[in-house]
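If you read the sequences in order, they're chains A, B, C and D.
If you use our numbering, the first sequence corresponds to residues 1 to 338, in order.
If you use our numbering, the second sequence corresponds to residues 339 to 676, in order.
If you use our numbering, the third sequence corresponds to residues 677 to 1014, in order.
If you use our numbering, the fourth sequence corresponds to residues 1015 to 1352, in order.
Accuracy of the hints is not assured; some may be wrong.
[As the list claims (entries may be wrong)] Rough simulated footprint, nothing fancy, chain A against chain B, three-plus residues with beta-carbon under 8 Å:
hint: 1; stretch: 359-370
hint: 2; stretch: 476-488
hint: 3; stretch: 601-610
hint: 4; stretch: 661-668
[What the hints assert, rightly or not] Here are the simulated DSBU-like pairs of lysine-lysine, each with C-alpha atoms no more than 30 Å apart in a straight line:
hint: 5; chain 1: A; residue 1: K314; chain 2: B; residue 2: K636
hint: 6; chain 1: B; residue 1: K573; chain 2: D; residue 2: K1249
hint: 7; chain 1: C; residue 1: K974; chain 2: D; residue 2: K1312
hint: 8; chain 1: B; residue 1: K557; chain 2: A; residue 2: K2
hint: 9; chain 1: C; residue 1: K974; chain 2: D; residue 2: K1343
hint: 10; chain 1: D; residue 1: K1233; chain 2: B; residue 2: K385
hint: 11; chain 1: A; residue 1: K314; chain 2: A; residue 2: K291
hint: 12; chain 1: A; residue 1: K329; chain 2: A; residue 2: K298
hint: 13; chain 1: C; residue 1: K1005; chain 2: D; residue 2: K1312
hint: 14; chain 1: B; residue 1: K667; chain 2: A; residue 2: K298
hint: 15; chain 1: A; residue 1: K205; chain 2: A; residue 2: K235
hint: 16; chain 1: B; residue 1: K557; chain 2: D; residue 2: K1061
hint: 17; chain 1: D; residue 1: K1328; chain 2: C; residue 2: K974
hint: 18; chain 1: B; residue 1: K636; chain 2: A; residue 2: K329
Keep in mind that the hints were calculated from the coordinates and are not lab data.
Model, not experiment: these values are computed from the prediction.
All C-beta atoms, glycine included, are put in the ideal place defined by N, C-alpha and C.
There are 4 protein chains.
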Amino acid sequence: MKVGILTSGGDAPGINATIRGVGKTAINNYGMQIIGIQNGFSGLLYKDIVELTDQSLSGILNMGGTILGTAREKVFRKMITSPDEKDREQIKNAYNELGLDCLVCIGGNGTQRTTWMLSELGLNAVGIPKTIDNDVYGTDVTFGFDTAVNIATDAIDRLHSTASSHRRVMVIELMGHHAGWITLHAGMAGGADIILLPELGYNMKVVIDKINQRMEMGKAYSIVAVAEGVEVPTKERPATYFAREIESQTGYETRETVLGYIQRGGSPSPYDRNLGTLLGGHAAELIHEGKFGRMVAKIGSEITAVPLSDVAGKLRLVTPDNQLVLQGKRMGISFGIW
Amino acid sequence: MKVGILTSGGDAPGINATIRGVGKTAINNYGMQIIGIQNGFSGLLYKDIVELTDQSLSGILNMGGTILGTAREKVFRKMITSPDEKDREQIKNAYNELGLDCLVCIGGNGTQRTTWMLSELGLNAVGIPKTIDNDVYGTDVTFGFDTAVNIATDAIDRLHSTASSHRRVMVIELMGHHAGWITLHAGMAGGADIILLPELGYNMKVVIDKINQRMEMGKAYSIVAVAEGVEVPTKERPATYFAREIESQTGYETRETVLGYIQRGGSPSPYDRNLGTLLGGHAAELIHEGKFGRMVAKIGSEITAVPLSDVAGKLRLVTPDNQLVLQGKRMGISFGIW
Amino acid sequence: MKVGILTSGGDAPGINATIRGVGKTAINNYGMQIIGIQNGFSGLLYKDIVELTDQSLSGILNMGGTILGTAREKVFRKMITSPDEKDREQIKNAYNELGLDCLVCIGGNGTQRTTWMLSELGLNAVGIPKTIDNDVYGTDVTFGFDTAVNIATDAIDRLHSTASSHRRVMVIELMGHHAGWITLHAGMAGGADIILLPELGYNMKVVIDKINQRMEMGKAYSIVAVAEGVEVPTKERPATYFAREIESQTGYETRETVLGYIQRGGSPSPYDRNLGTLLGGHAAELIHEGKFGRMVAKIGSEITAVPLSDVAGKLRLVTPDNQLVLQGKRMGISFGIW
Amino acid sequence: MKVGILTSGGDAPGINATIRGVGKTAINNYGMQIIGIQNGFSGLLYKDIVELTDQSLSGILNMGGTILGTAREKVFRKMITSPDEKDREQIKNAYNELGLDCLVCIGGNGTQRTTWMLSELGLNAVGIPKTIDNDVYGTDVTFGFDTAVNIATDAIDRLHSTASSHRRVMVIELMGHHAGWITLHAGMAGGADIILLPELGYNMKVVIDKINQRMEMGKAYSIVAVAEGVEVPTKERPATYFAREIESQTGYETRETVLGYIQRGGSPSPYDRNLGTLLGGHAAELIHEGKFGRMVAKIGSEITAVPLSDVAGKLRLVTPDNQLVLQGKRMGISFGIW
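Work out the full structure, taking the sequences as your base and the hints as a guide.
See below:
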């Protein structure tokens, strides 16, 4: 069997572990041939490929980024998201001309939707969820998330010393456009006092009261963790908006930090390496068993798969009854609405 | 309500997050009084206590070790593990003289057995599992494990550069007397070529053949991860035994590393901080609801509790059908028996 | 002798190691009494003090921030920077009422100027240089700098994986208002392609040409490190300005990261701990020998001291003939002017 | 000009930064041709070479190990250390057959001696000092040392939590056969209470008294850092010997850790990357200027060079008047003799 692999969308620590997991399993255990398709779906259409061997897959387990390159698919967005008859023909032709028996697509929600579309076109496709944001529907966790939470928590740890030395409020903005998973987990792990998530919204009075209350209790400083996707009434970044409002409404010196791209870079955590390895290996098994049109997933402790038709186009969001939210609330952490 | 907390057995990153999780939830949400009992069960008998307040529980979330101290309970081992009538009386008296309504015991398998014994004596007791080894029965994971795997994987990452520069075999011994969880997870995440676990045993010929086969394939070096609990025929440490045997049987230069105590020290990973916080919080809830005689646990994605009677005295071990073992095998990693 | 210590200005990793170095040496070796003055010079005037003992100085060596608190001295700025006769009287009185035989001031350039002023008032004062920016005149290096460079380099390392996966230009803004030391050292260590420093300025054409030239050579991405103090013609942050200009002038996707406060937080590097320990110890020696009016310094490999009158009010800046600049230039790294 | 580079002896973080520093400077600035000689001096004799280009030198700055491989030169030891006429002829022939105009040798004391010997044979040779042990004579510091100190200090930091939780003595053995630099710097930075160096020896009574005195002062634990080169009267490793003796003579529970090979692996610290870059660049300059028979060095703040004849065969050791030793002593840290 000849299997193609591509990575699409933003990069995430653990992609290379996943490519290695698919490839080494497919090659060593099932004798398949593995073709790396470069730079996402455009590489499929341009036939921008490289053969992946056991040798070329060695030594990449702990590397950040993706050896295949990736693309936020601007050029092909229309073709990929709402293809007409001609687009479909072109995609099928590319798949057939490469002689593929299956295509493995590693990516976030957009990529899973495209993978489903390929599947609907009659192509053999398997999806592997990937995003640091952890918002892919159908799996409890995606690789890249643990690493991003580690980096974000380390940053909050560092802010504690400055905040406490200067008796300041520190606002840190973390990644997550739609979902606040990174902010929730890093905020809780980093000991943030106020955690603001896109899913929960906020009431500025609650935020201000919490800060004033802490200062009145003699706590010398406060840490606010806010997701980049929290909507604010100005054109500012959330960190800038909240820092300005807090300083102006409380009178306490307030500083902002926007952590940015470093959250998605660097060597994956051991957890993400093993998750990528397991998901990649399971994709190879699905292919061996001829089970296409699915996305591999971790649900509870199990590595399994779900139909792409069930998950494509849906987001996995933090809900108010999330156990970490509830636990934070019980400990007196503010989520901006309580 | 007046709740005592103690920590017993070897230290593990995340104990302080857990104490904070119990205490802050109990104080802020339920208005309980929290008493820290120092140095394990001996502190109970000696009434070596300290009041824990919201203030004293602040700033400990990311600290390694335990603010309460711990003890491998040598002096009281007999009293704790097989108490006679007089011992029982003494334990009950200590509990009553401290005016406790409940005792929370944070510890490994031995501690959970003792917690169950206390429960059988009619005391209100709740157990919280803790061990870097991850071998507490009844929970999928214990805090300290993720941190230990991070440290161990980082060490294996470092050995790669020396191993490859010198074309050597490197043997690294990791913690785990009964269970090979750390070695399995760090071995897989660190790209070890041979992973040896107490649960699976080993066949030296398989080990030697694997190393020779790699060298013949042109792979310039090999990494062997071995758990400290793997039985060897000499009085040597496993790392020493395997390094000596491998060098003598293959002729390749081989070096050993015993990672030791650094695996259980330092700041807990964000995962372990949040796990400790959730388990601690759930213990406070159980106490509030009057549900004693249980150990809090993480099963799948759920924070829950199991009866101490079901779990005490049992170990959670790696089995040959573990999904990470099976996946490693499919990728060509040797587990010493295949 | 009774010695006061205070910390003033922005915090820097290694302050606590330095306080410990002064205190443990003074107490153990010279039998002095040590008074911690809290929150900078304002604590001197308000007599906000705490006794420091061998016991209270234990366990702080690896802690970030400052156990004494610090202040950007707004309230007292006038009194401190241009005191009139009444201010002078008040400062002298505070010093005398505390019964001090010497005051040790840990801080940056502003603090050293104030320390000199105290000395001119006839008080016994010793300065210890502290800033992550490394721009204190009279010493080759200040503690906090090595840690900041480590954090900044780690961030650049992480950007490489995103930049290479997406074939992007990444612009990272690092701390340094007047001096580009962090940007120079982290840029060189992180493999930046263009390094922009306040001291050297820049020519936008040189920057754009360098990026175009790299892309034409087949290099898939470029990293630009820019100090926050580089002047730009708009009101934007330098990172925003350069990212916008580069994207618009080259057509390559460009992203910005502003690393911010995490550069000054967290546990000091071993280098900074030892530097703080040595400088602190030397300050204790100077006091013992009655050598006041000086700032301790590291010059070459030597721990020594310089007269405050020689250094106060001067900045240590990167010069075009700095050996790291010259070496970068020889390797083809652009400094924005070549 | 055609320049060969080889690395010999144990690996050290920063070798690749150094190779890149030589190569990129030589290629970009001086138009030289660079030949990588693989696996040390044996690669010279076997003509095991690879061309190094600007492209092949990209992306290696932060990599541990050496892209050229290295060897503890067993086979050629006699030829290298005491060559007879025939050996000399063979070495000269290899150099000439490769058409080299200069050979750059990156290595420790043994390598510098060999480099001098090559120079005496009339070959154009330049040495670059490399060892994590920091014991190369003629330079204040070698790359690899800062990284090793970072790793060792991190390990000591981790031991603190276990030691304090269990009220134990922890003995940690660090690298350094002849020189105790790593143990001195990491011991001081990690807050060790007793630091034992090969250069200073020890008096067991001093060690025991120090531990007893600490316990009597109410300090709950002690940390002992010992270099692997400290001579002990048994065949045990120093860590094992001291742990056994301390436990038996004081009665306090004592545990040992031997940190081992992880001290020389992994990504170099920013300091070591820049040091390697500067030393490598200076080697390229020396070659350009025709200044052979020298070893590049860092002395004080200057990157410079020293004649191989002055340094070869000599060791740089810790002396009792080292400023970090003296400072530790003043703070009450024991060095085993006081």
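Tested hints:
1. 359-370: n = 5 at 8 Å, threshold three: holds.
2. 476-488: holds (count 4)
3. 601-610: This one holds; 4 residues, not fewer than the three required, reach chain A with a Cβ under 8 Å.
4. 661-668: That given contact holds, which follows from 4 residues of the stretch 661-668 of chain B lying within Cβ reach (below 8 Å) of chain A.
5. A/K314 - B/K636: Distance of about 27 Å is within 30 Å: holds.
6. B/K573 - D/K1249: Distance ~16 Å between B/K573 and D/K1249 Cα, so the pair holds.
7. C/K974 - D/K1312: The hint holds at about 16 Å.
8. B/K557 - A/K2: Holds, at roughly 26 Å.
9. C/K974 - D/K1343: holds (20 Å)
10. D/K1233 - B/K385: holds (21 Å)
11. A/K314 - A/K291: holds (22 Å)
12. A/K329 - A/K298: holds (27 Å)
13. C/K1005 - D/K1312: Roughly 20 Å between the alpha carbons, so the hint for C/K1005 and D/K1312 holds.
14. B/K667 - A/K298: holds (20 Å)
15. A/K205 - A/K235: Given pair A/K205, A/K235 holds - Cα atoms ~20 Å apart, limit 30 Å.
16. B/K557 - D/K1061: holds (21 Å)
17. D/K1328 - C/K974: holds (27 Å)
18. B/K636 - A/K329: holds (20 Å)
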